[in-house]
Structure formats: structure tokens, C-alpha cells
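> The residues making up each chain are set out below.
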Amino acid sequence: MRKTNLSMGTEEEENEINLTPMLDVVFIMLIFFIVTASFVKEAGLDVNRPDNQQQQEQTESENILIQIRENDEIWLDRRLIDPRALRANIERRHAENPQGSVVVQANAKSSNKMLVLVMDAARLAGVYNISIADPS
Amino acid sequence: MMRRNNQAGSGEQEENEINLTPMLDVVFIMLIFFIVTATFIKEAGIDVDRPEALTRDRMDDAAILVAISPGNEIWIDKKVTKPSDVRTVLEKLHQENPKGSMVIQADESSTHETLVIVMEAAKQAGIPNVAISADE
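Chains as they are written, first to last, in the numbering used here: chain A, 1 to 136; chain B, 1 to 136.
Excised from the complex, chain A in its bound form (with noise of 0.2 Å):
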């Protein structure tokens, strides 16, 4: 038994709260959250689906029609679009129709490497307002 300082010389050593126990608790629980803490770094292209009603609005206004065939050649415009040229053709559309957005529509066969090639194309085009039609 020892005077500890700070306090006057009142006996303090039996008055301290174990910490041990809480110190294990705290541990676990860091280690729990340490191990279930999944840092995923996804990173995509957003899409909006229209439902019907929003379809028909907007083929109302001049919309940007991007066709994915089974083979999975583009089309615009009644024209096949070689992919590298898709980029300028969407810019060249959407100077002349600043309001019209990009509607997708791709065959149920046409693989998605093709869609994503698309949508990508629009978004450097300038277009971010793309839409996914229903399957021809």
C-alpha cells in the first residue's frame, strides 16, 4: 500500500476499474468489423429503364434510337454505325436535338459488351440521359 499522487494521498490502487475486461470486448469487436469491412470499388454507368408511359412520352420528342442487332451490329438512323464512328454520329445528333436523350434498343442475343460500347459512346458524346428500350 502506497500514497499515488494527484489525489492527496488517498488509496486509489482497489478503487481503479479493470479495464481488462472491456479492453478484450472492445478488441473483438474491432476485429469483427475489421474483417467484415468490404471495401468494394465498383464503378459503372448508370442506367434508367422507362416504364411505358414514359416510352411513349419520349418518342414523342426527337430521341436518339441506338438499335444493337442479334449479331451485334449498331444501327442509327436505318444505317449500320461501325463502332468507332458511333462516338461522332451520337455528337452529330445531339447538336442538332440538344433535348433528345439516348434511347438503347438491343436484341435479347445481342451480348452486353456491345450495350456497355454503346452507352459508353453516348456518355462521351456528351449524352448522359440514356434509356434501355424493351427487347426487339
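Rather than coming from a laboratory, the hints here were simulated on the basis of the structure.
The C-beta atom is built at its ideal place from N, Cα and C for all residues, glycine as well.
It is possible that some hints are incorrect.
Claimed, not checked - Some chain B residues flagged as far from chain A (calculated, every beta-carbon gap over 12 Å): (1) W75; (2) K82; (3) S84; (4) D85; (5) E91; (6) L93; (7) H94; (8) Q95; (9) E96.
As the list claims (entries may be wrong) - Computed cross-link-like contacts, DSS-like style, restricted to lysine-lysine with a CA-CA straight-line distance of at most 25 Å: (10) A:K113 with B:K82; (11) B:K99 with B:K123; (12) B:K123 with B:K78; (13) B:K82 with B:K123; (14) B:K123 with A:K109; (15) A:K113 with B:K123; (16) B:K82 with B:K92; (17) A:K109 with B:K79; (18) A:K109 with B:K82; (19) B:K79 with A:K113; (20) B:K78 with A:K113.
Following the hints, complete the assembly by docking chain B onto the known chain A.
Just chain B now, with coordinates in the frame of chain A:
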């Protein structure tokens, strides 16, 4: 001030004890950090070959990941899900984290049909924000 520090007997040990308070502070701050950042993302369970896109956004609020394998299987929460069950599973996951959005990790060679099934199910489940995952 030299004291004997033996474990047996009534040696005076107080001055030799390590002060745990600063460590406790650090541990608590780490604990709070991991609790706050814990988002509990439901991972899809398979690694897919994502399509490339130059204009992709970071999806920070992604809570549900749905993967579509090259063979058009839908993976949610580390399980293969039948197309007819996707809506039910998504509704359940969406309830757990209503603010989180959904990211679809569609393989390059998966078909558009499956993607539309998943997007339709997400819309019916009330998930507000759906994105398609893309890679460099």
C-alpha cells in the same frame, strides 16, 4: 526509485504498469471508424469479365451486386438465382439497406435478355438506382 518487480509476493507494481489509456483511445477511434464505414455490401460471388468503358462513375452507395456469368446465370449473394426468383431476392436485400443502389456486373458475353430480366426485377423491387458495372 528502483523497485523490485516480481510477480510473486507483494512487490510494488503500480509504477511499472503500462498506461493503457492512450492505446484505448486509439482502439476506440479505430472501432468507430470501422463501424461507420461498415456498409455490408452483398457481393455477387463470382468474378466476371466486365465490359470496358471510358466514362465510368464510382458507385459509392452500391449495396447489392448482381453478377451475370458468361453462361447467363444470375448470381446474387453468392448463390445462383433463377430468373423467376430474382425479384423476391432483390426485395429482401433491398429492405436490409433501402438507401443503397444496385450494380449489375454483366459479363461481356452475356446476353441482353438476362440483363433486362435483372433490371426489370430491380424496378419491381423498388430499387431506385441501377448501374451496369464497367472496367478499364
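> Please write out, lowest number first, the hints stated earlier that are contradicted by the structure.
Of the numbered hints given earlier, the structure breaks none, since each of them holds.
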